[in-house]
Every structure is written in structure tokens, then in C-alpha cells.
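Just so you know, the sequences run in chain order L and H.
Residue numbering for the first sequence follows the working numbering, starting at 1 and increasing by one per position.
Residue numbering for the second sequence follows the working numbering, starting at 1 and increasing by one per position.
By construction, these hints were calculated from the structure, which means they are not laboratory data.
Treat the hints with care, as some may be off.
[Claimed, not checked] Which residues of chain H face chain L? A partial, calculated answer using Cβ under 8 Å:
hint, residue
1, Ala54
2, Ala97
3, Tyr103
4, Thr151
5, Met158
6, Arg161
[Unchecked claim] Covered, in the sense of this in silico footprint (three residues per stretch, anywhere, with C-beta under 8 Å from a C-beta of chain L), are these stretches of chain H:
hint, region
7, 12–23
8, 121–134
9, 166–179
[As the list claims (entries may be wrong)] Okay, the calculated bits of chain L under chain H, using three or more residues with CB under 8 Å as the criterion:
hint, region
10, 6–18
11, 37–47
12, 178–189
13, 276–287
14, 290–304
Quantities reported herein were computed from a predicted structural model and do not represent experimental measurements.
For glycine and all other residues, C-beta sits at the position ideal for the given N, C-alpha and C.
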Amino acid sequence: MTNPKGRFGIHGGQYIPETLMNALIELEEAYERYKADPEFIRELETLFNEYAGRPSRLYFAEKMTRDLGGAKIYLKREDLNHTGAHKVNNVLGQALLAKKMGKTRLIAETGAGQHGVATATAAALMGMECVVFMGEEDTKRQALNVYRMRLLGAEVIPVTTGTATLKDAVSETFREWTKRISDTHYCLGSVMGPHPFPTIVRDFQAVISKEIKAQLMEKEGRLPDAVIACVGGGSNAIGSFYHFIPDKSVRLIGCEAAGRGIDTFETAATISTGRPGIFHGMKSYFCQDEYGQIAPVYSISAGLDYPGIGPEHAWLHDTHRAQYVPITDEEAVCAFEYLARTEGIIPAIESAHAVAYAQKIAPEMEKEKIIVITLSGRGDKDCAAIARYRGEDLHE
Amino acid sequence: MNRIASAFQNGKAFIAFITCGDPDIETTKACVREMAAAGADLIELGVPFSDPTAEGPVIQEANLRALTGGVTTDRIFDMVRELREDVSVPLVFMTYANVVFSYGPQRFLAACQDAGIDGLILPDLPFEEKGEFLDVCRANGVALISLIAPTSANRVAMIARQAEGFLYLVSSLGVTGTRSRIDTDLSAIIRVIRENATVPFAIGFGISTPQQAKTMAAQADGVIVGSAIVKLVARFGKEAPKRVGAFVREMKDAVSEKK
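Take the sequences, apply the hints, and build the full model.
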């Protein structure tokens with residue numbers, strides 16, 4: 001699916017200043033070498049299993065299945081990983097790769113703080129320096145995660161430029177990388193940015209679909225009928241889809257953050273409201289105005305609050321292999337509460353977008369059909385924000 | 001001879017950058033006229049982009065001021081057409097790939113030719129990706145300017161060989177913005193450029209004082225100054241044009257060693 005220049009159909013590529021080109025080429029060469037190196041593979045597998053707690057559970061949500069009265073529902077429990085989300089899969093892979101490349105310093109962007117916490121964690125584990133760029137708005141909204149990163153030894157730099165949110169944190173991390181390259185690896189948090197990042201991050205996250213396939217084969221002896229995951233940049237979704245892409249009978253469904261609705265300006269649903277563009281190193285779909293100015297986006301979920309989508313998703317959309325649907329704040333919050341009451345699992349508000357779509361389609365499917373929902377992260381971080389959304393004056 | 005080549009015929013070239021529409025189109029027009037009269041050999045017109053990832057804070061803020069003021073790509077084309085009635089200095093657009101891609105490359109470049117734009121610099125378009133813009137630039141008589149960085153190493157010869165218009169050599173690591181010192185050793189890169197390029201090259205990023213400009217000009221065919229000019233616009237707003245003109249005169253004198 002990836003040609004040598006990192007294209008997914010027309011999407012992908014390397015739209016990045018010349019200053020960074022040799023760093024990307026060096027990264028690509030190192031990755032090609034280590035991904036086939038048995039020792040690297042063994043070390044990463046040990047980190048996954050012993051440190052992150054893999055494989056994550058594939059849990060049959062019996063009560064939810066009974067309640068919705070249609071397809072059988074399984075939950076892929078990425079929320080049970082160390083640091084509480086799928087982000088750790090990618091971060092352990094990239095940190096190990098960076099270390100092999102002789103880098104001593106990791107830099108990263110973060111929105112809600114999940115990727116920043118995961119990067120700070122890996123840096124602590126591997127004895128590397130860590131600097132995390134986070135929009136100033138987000139540092140205020142997610143003060144606990146800022147503390148967590150600092151506790152883990154990372155430096156957190158509030159980004160005040162632009163809209164002071166995730167996209168600006170990404171821009172600022174790229175700027176930092178152009179200033180200091182020789183000892184520094186940019187540990188990008190999603191399947192986005194210039195080649196080779198979308199491929200590297202996807203490969204490290206593909207462990208999710210690899211496990212789902214094996215676990216479901218063991219439990220049910222067959223493939224699922226649908227796999228549902230939330231999509232911001234799209235790393236947990238591509239990880240959940242990847243090994244099912246050749247299995248045409250499996251519907252792949254990505255849930256975008258519609259915010260207050262795709263007919264409003266307060267949305268982050270890139271496939272529903274964006275059009276092709278070039279930004280942050282890649283060609284893909286972006287929310288933008290008629291002159292190509294990147295649009296400010298909004299979602300209750302800081303992790304999905306990004307104006308673009310990874311290039312492989314753009315290609316899966318163009319080829320109709322995957323379907324992308326918008327889920328509003330209200331639908332996601334209802335799903336967040338629903339899963340808590342029905343299964344005793346508090347999902348991340350990001351993952352609740354996927355739960356919401358399963359609630360819509362499961363009742364319409366026959367009882368022998370199977371849906372897998374990826375719970376990309378745990379929802380503890382979101383409780384205060386959801387309480388406030390419901391009108392309770394709760395602060396951390 | 002095309003207009004860009006002529007910019008390098010008047011001794012070492014002084015290339016001035018300004019962000020269009022900061023704080024408004026009228027001020028930009030006045031600045032361009034003052035800079036041309038003060039001896040700028042080529043003027044780079046920054047077409048604002050919401051998220052300029054290669055820029056430091058000074059030009060980022062200028063982009064924001066311009067966009068907040070309501071400038072658009074179409075209004076900038078109108079401005080260039082008007083300037084071209086009396087300004088003959090070479091004009092080059094500097095913007096980001098999405099501004100061109102979103103407008104439609106053919107439509108954007110045809111408008112460039114019609115308005116009298118001589119070249120295009122896209123800092124987020126490296127050598128490997130230039131193909132999709134190059135043919136349409138050529139078809140419309142606009143030079144697609146290539147950049148070389150201190151990290152380009154084994155890529156310098158390849159980029160230099162295919163360079164059109166002029167080559168933009170980035171002085172140091174990092175984004176645009178004034179620097180108190182530039183201590184990158186560029187001599188090896190410059191040797192490879194000289195061996196391979198058929199066009200002149202200018203050094204930019206971080207140059208803000210006459211002394212820096214003079215030092216850089218001694219190694220190159222020209223120097224490029226952006227943030228130092230944009231700072232004057234930020235400070236003096238609508239009153240900036242005269243001061244920008246005076247600054248450009250001082251810098252041009254420094255590079256051409258008249259003082």
C-alpha cells in the first residue's frame with residue numbers, strides 16, 4: 001500500500017522544509033533496518049508484554065449486546081494498557097527505534113496529554129530527555145496530565161501561537177526539530193505528518209488488529225463483521241483496521257468528532273467537512289477555508305480536536321474500503337455514560353465516539369453478526385469535563 | 001534576461017521580504033514602493049498562511065495580523081497587478097504549499113503570470129515533492145525557487161543542478177527570525193553549489209544587521225532579510241513604509257560595500 005515515497009493513493013508524501021529532509025531519510029532507513037531485525041522485534045515484544053501489559057483483552061460485552069438486541073459486541077481493551085491508552089504502543093516502538101539510532105532526546109506534541117504522558121513514560125524508562133509541546137489552552141484544561149509529565153521527568157512547554165491547541169503544538173514541535181536534529185527524535189503521536197511517520201506509527205499500532213484477529217478466531221472461530229474505532233489523526237483506528245483491510249467482508253468504520261454538528265463551524269469532522277490539502281507534512285483531507293487557511297476546529301474530545309486525518313485513512317475513504325461517520329459531542333457523552341452504567345467501563349471520551357456508533361448499528365444487525373469496538377483509552381481523564389458538560393460544577 | 005536574473009546584475013543582491021496585508025494592503029503597497037526605491041533588488045511577498053511551520057514568531061504574528069485584517073490570495077493578486085503599473089523590481093511569492101494547492105496550482109500560477117510575479121518559494125515543498133508544481137510553474141513563466149539547508153549534505157548537488165531563478169541557502173538550523181550570531185560553516189555547501197548551479201544563490205534566515213548582511217554577502221550572490229523588516233512593520237504599522245525604506249537602503253549599502 002505504501003510506495004517508496006510514502007503515498008496512499010494521492011495522499012501522504014513529505015511536504016516538509018529541506019532542513020528536515022535528511023532526518024526523515026535517516027529515520028526511514030533506520031526503520032527499514034530495525035523492523036526486520038530479530039533483536040529489535042524481540043525487545044519491542046518484551047516491552048509490549050512485560051511493560052505495557054499486552055496483549056490487551058478482547059472482552060465480550062454481554063450486557064450491552066443483550067441491551068441493544070442485535071449484533072454481538074466485543075470491546076478491544078486498549079484502555080487497560082499501561083498509561084491508559086493505545087498511545088503507548090507507538091511510543092515504545094519509536095523510543096526504542098530512536099535509542100537504536102543514537103538519539104538521546106525525545107520531543108512530542110500532545111493534545112489532551114495522553115501522547116505526552118506516554119512519551120514522557122517511555123523517555124523515563126529508557127533514560128532519555130523529553131520535551132513535550134502542548135497548547136496553552138490544553139495545559140489549563142488538562143493540568144493533571146501536565147503534572148504527570150513533569151513527574152515523569154519531562155519538560156512541558158506551553159504553546160501560545162495560533163489557536164494554542166493541538167495543531168499548534170504539532171507545528172511548534174516541527175519548529176523545534178528544525179532547530180535541533182542531531183540528538184533529537186520527534187516522537188509523532190499519530191498516523192500523520194510526513195513519510196515515514198504514517199507508516200511507522202501504523203505498523204506499531206497494527207498490533208491491535210493482529211490481536212483482535214487472533215483473539216476472535218479463538219473465541220468465535222471467525223472474522224468480525226464490523227470494526228469500529230474513533231478517528232482524530234487516526235492511529236488507534238488504523239491499528240484496529242490494518243490486518244482486516246484485505247478481508248473485504250469486514251466493515252471498517254471510523255468515527256469522527258462532529259463536535260456541535262457537521263452543519264456548524266464547531267466541528268472537527270475532517271472527512272465530512274474537509275477537502276484535500278497539504279499540511280503538517282502530508283497531503284490528506286483538512287478542514288480549511290476557500291483559500292486553504294486551516295480552520296479552527298472544535299470537539300469536546302481534545303484527542304480528536306485536529307483539523308486533519310492521516311493519509312492512509314484519506315485513501316481508505318477514497319477507495320471506499322473504510323467508512324467515516326460523524327458523531328456529535330452529545331452522542332459521545334451519552335455513550336460515555338451508557339458504557340459506564342451498562343458494562344462498568346468508563347471509556348475515554350474519544351473512544352465513546354466509537355461506542356456511540358455501535359449503539360446505532362448493532363440493533364439493526366442480526367444476532368450472529370459480530371462488532372468489535374476499540375476502546376482506545378480510559379475515561380478517568382474526562383470525568384470532570386463531562387460533569388461540567390452535564391452542568392455539574394466539578395473541577396480537578 | 002528574465003527579471004530574477006536581472007536582480008543579480010547590480011552587485012550583490014539585497015532581497016527584502018514582507019508579509020502581504022500586514023497590517024493592511026495599503027501599507028504593504030507603500031512598503032514595496034519604498035523598498036524598490038531604496039534599492040531592493042528583489043522583493044519576496046509573503047502570502048499569509050494560518051499555520052506557517054517554517055517561520056519564527058515574528059513572521060507567524062505578521063501572518064496572523066494579515067489574516068485577521070481580512071487579506072486573501074485574491075486581494076494580494078489585485079495588489080500585485082496594481083504595483084506592477086509602476087514597480088519593475090522582480091517580485092517573488094513566498095507561501096506554503098496548501099495556499100497554492102487549495103487555489104488550484106494552474107489557476108494560482110496563471111494568476112501569478114498575469115499579475116507579474118516572477119518566482120515562487122514554498123518552504124514546505126522539498127526537492128522530492130516539487131514535481132507536481134514544477135510543470136505548471138514553467139508553463140506560466142514562474143521560477144520555482146529551491147532551498148538548500150545546512151543539513152542538506154549529499155543533497156546539495158542534486159538540488160543545485162536543477163535550481164531555477166535563484167537558490168535560497170538557509171543560513172542555519174531552525175525557523176526564520178533574527179539571530180545574534182550565525183556561525184554555521186557554509187563553505188563546503190557553497191563550494192558544491194558553485195560547482196553545480198547555473199543560477200545565483202542568496203543566503204537567508206537570521207540576518208538582521210548591516211554587519212551580518214555584509215559578512216554573508218561576501219560569501220554569496222545576495223542576502224535575504226525578512227524578520228527584521230517585518231519587525232519594523234509590527235512596531236510602526238501604517239507609519240512603517242519610510243522606516244522600512246531607510247532600513248533597506250542601509251542594508252543594500254552594506255551588501256554592496258558602498259560604506
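These are the hints, each one checked on the structure:
1. Satisfaction of the interface hint for H/Ala54 is found here, the shortest Cβ-Cβ separation to chain L being roughly 5 Å, below the 8 Å cut-off.
2. Because the closest C-beta pair between H/Ala97 and chain L is about 4 Å apart, less than 8 Å, the hint holds.
3. With a least beta-carbon distance of about 7 Å to chain L, the hint placing H/Tyr103 at the interface is held under the 8 Å criterion.
4. Satisfaction of the interface hint for H/Thr151 is found here, the shortest Cβ-Cβ separation to chain L being roughly 5 Å, below the 8 Å cut-off.
5. With a least beta-carbon distance of about 11 Å to chain L, the hint placing H/Met158 at the interface is violated under the 8 Å criterion.
6. Taking 8 Å as the C-beta contact cut-off toward chain L, the hint placing H/Arg161 at the interface is violated, the least distance being around 15 Å.
7. Residues of the region 12–23 of chain H with a Cβ under 8 Å from some Cβ of chain L number 0, which does not satisfy the need for three, so the listed coverage is violated.
8. With 7 residues having a Cβ less than 8 Å from any Cβ of chain L, the region 121–134 of chain H passes the three-residue criterion, so the hint holds.
9. Only residues whose C-beta sits within less than 8 Å of a C-beta in chain L count toward coverage, and the region 166–179 of chain H has 4 of them, enough to reach three; the restraint holds.
10. Here's how the region 6–18 of chain L fares: 6 of its residues keep a CB closer than 8 Å to some CB of chain H, so the rule of at least three is met and the hint holds.
11. Interface restraint, the region 37–47 of chain L with chain H: violated (0 residues with C-beta to C-beta distance below 8 Å; minimum three).
12. Here the region 178–189 of chain L counts 4 residues with a CB under 8 Å from a CB of chain H, which clears the bar of 3, and the coverage holds.
13. Residues of the region 276–287 of chain L lying with their CB closer than 8 Å to a CB of chain H number 8, which satisfies the three-residue condition for coverage.
14. With 5 residues carrying a beta carbon less than 8 Å from a beta carbon of chain H, the region 290–304 of chain L meets the three-residue requirement, and the given coverage holds.
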